[in-house]
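Undergrad: Start from the sequences and build out the full structure, keeping to the hints where you can.
Number of protein chains: 2
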Amino acid sequence: MKKFYYQISTEYRGQNYFGWQIQPRGKTIQGEINHALEKLCKSDDLKTLGASRTDSGVHAKAQVFKADLPLELPLKGLVDGLNSLLPEDIKILGAKASTAHFHPLRDSKWKRYNYLFTDKVSPFSRDLIVQAPALLDIELMREGAKLFLGTHDFANFRCMGTDVPTTTREILEIELKELNSQGPWGEFPYYCLEIKGTGFLKQMVRLMMGSLWNLGRKKITLDDLQAAIDKKKVGKVGPVAPPQGLYLTEIQFA
Amino acid sequence: MKKFYYQISTEYRGQNYFGWQIQPRGKTIQGEINHALEKLCKSDDLKTLGASRTDSGVHAKAQVFKADLPLELPLKGLVDGLNSLLPEDIKILGAKASTAHFHPLRDSKWKRYNYLFTDKVSPFSRDLIVQAPALLDIELMREGAKLFLGTHDFANFRCMGTDVPTTTREILEIELKELNSQGPWGEFPYYCLEIKGTGFLKQMVRLMMGSLWNLGRKKITLDDLQAAIDKKKVGKVGPVAPPQGLYLTEIQFA
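Going down the list, the protein sequences come from chains U and V.
Going by my numbering, the first sequence opens with residue 1, and the numbers climb by one from there.
Going by my numbering, the second sequence opens with residue 255, and the numbers climb by one from there.
It should be emphasised that the hints constitute simulated quantities derived from the structure, not laboratory data.
Do not rely on the hints blindly, as some may be mistaken.
[Unchecked claim] When the alpha-carbon atoms are kept at most 20 Å apart in a straight line, the in silico EDC-like pairs for lysine to aspartate or glutamate are as follows: (1) K91(U) to D373(V); (2) K120(U) to E342(V); (3) K350(V) to D361(V); (4) K120(U) to D343(V); (5) K91(U) to E441(V); (6) K374(V) to E88(U); (7) K345(V) to E187(U); (8) K374(V) to D80(U); (9) K374(V) to D89(U); (10) K120(U) to D334(V); (11) K345(V) to D119(U); (12) K281(V) to E342(V); (13) K177(U) to E441(V); (14) K76(U) to D373(V); (15) K27(U) to E88(U); (16) K431(V) to E187(U); (17) K330(V) to D119(U).
TA: Shown next as structure tokens:
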């Protein structure tokens, strides 16, 4: 049967979902999207594949997925139709026609993640940003962040759970920015760790963030961090930072 | 038995509560606070009185209440103790010693409310701001807002439910501002209707907002709005705007 292929971008708030990928034990973003597509197409002969398996509680400002559908839909109808069927914390941003060859995982050139934390979480921001550990040396964290640049074996910055042929990844850019929030939910300074890389392991960004926090509060040294980046046997040097600070913000395809 | 009196300020996110005031049918802000105070004081011989009865779903950046407690507590212990016992969407901002004579309703000189709306609600902002009606004439709304200034009988801008001796209230300042959000939840322009008044009737701000929307989309004229402000028999000239756009932002005591 003839298939029609679409490349669709979406943003979502992760707090009420067990991550992107469909799984038996609870609601997922992909599950909600598939369900909406089934209603729209009046068929369950379809599939989706995301460019990133965001974890439970993690947000996306720009996730991309491929949809293989059994019928052709006008792009505006596809976007508006999905948005009318999806819950309010998932929004389709756009859709374009694609091909059978497009593979959102293999074809992504790089991805950018932002991790947000602040000294002052309020009732209005608590599920979108993380309370920072006390007494962080931000300049030291900036020095530490630079150690991640380039190609390394990130075996000490991953969580088991997904089989991967290699734990080597390349970090293209990393920056710890000081920003200011302005808006309904309050005005306050916050930090944003921006990381651009060719690929990421499970919980890699959150383990990088947790390690930089440990560095910033002097629980580990720059040498400890360098050793964890250089040598597989060192083990983890920081906690997994909480999911609500993490946003998938950009994906570049080849 | 000797009582100790405190004036306490709090901020809260309204979405999960049936408003400020204790009532039988569901969770309220006051109910949660009383419950926490009972634990802290190991007694239920206490009472609280808020300066404003915010409705179901309405937020506060600066609600104030009086607490009559059966024991004396250090101010920092009171604040930290309450925050450790309260849910994450209610936060105590500060406390000071008060007197038996203080009455947060009678002693408030003026209150300020902000109502927020925008052309572009996202999954990250949806419970903190309201999607604006299409095609609003903002300049016309600014003209309309000025009609509310001064002392008027707001009988056409109230919802029944609370007995009040008079429906006359004074609006001291009103302004429709264009602002920009910056932060984790996205960058987007939004509008803020700021209203400062000596007192407000039930749902008065939300009915003023709904009427200004109707003016902005040319469903009513400036004359219709003026008539509703001048004459009791005109009736409502707009819908009750949704609660998630409304914030109690400031209370000034005499």
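Undergrad: Does each hint fit the structure? Answer for all of them.
TA: Against the structure, the hints:
1. K91(U) to D373(V): Distance of about 15 Å is within 20 Å: holds.
2. K120(U) to E342(V): holds, 13 Å
3. K350(V) to D361(V): Judged against 20 Å, a Cα distance of about 16 Å means the pair holds.
4. K120(U) to D343(V): It holds: about 14 Å lies between the C-alpha atoms, which stays within 20 Å.
5. K91(U) to E441(V): holds, 16 Å
6. K374(V) to E88(U): holds, 13 Å
7. K345(V) to E187(U): holds, 16 Å
8. K374(V) to D80(U): holds, 15 Å
9. K374(V) to D89(U): holds, 14 Å
10. K120(U) to D334(V): Holds, because 15 Å separates the two Cα atoms, which is no more than 20 Å.
11. K345(V) to D119(U): With Cα atoms ~15 Å apart, K345(V) and D119(U) stay inside 20 Å; holds.
12. K281(V) to E342(V): holds, 14 Å
13. K177(U) to E441(V): holds, 16 Å
14. K76(U) to D373(V): Roughly 19 Å separates the two Cα atoms, so the pair holds.
15. K27(U) to E88(U): With a Cα-Cα distance of about 14 Å, the restraint between K27(U) and E88(U) holds, given a limit of 20 Å.
16. K431(V) to E187(U): Holds: K431(V) and E187(U) sit about 16 Å apart, inside 20 Å.
17. K330(V) to D119(U): Judged against 20 Å, a Cα distance of about 19 Å means the pair holds.
Violation of the numbered hints given earlier is absent; every hint is satisfied by the structure.
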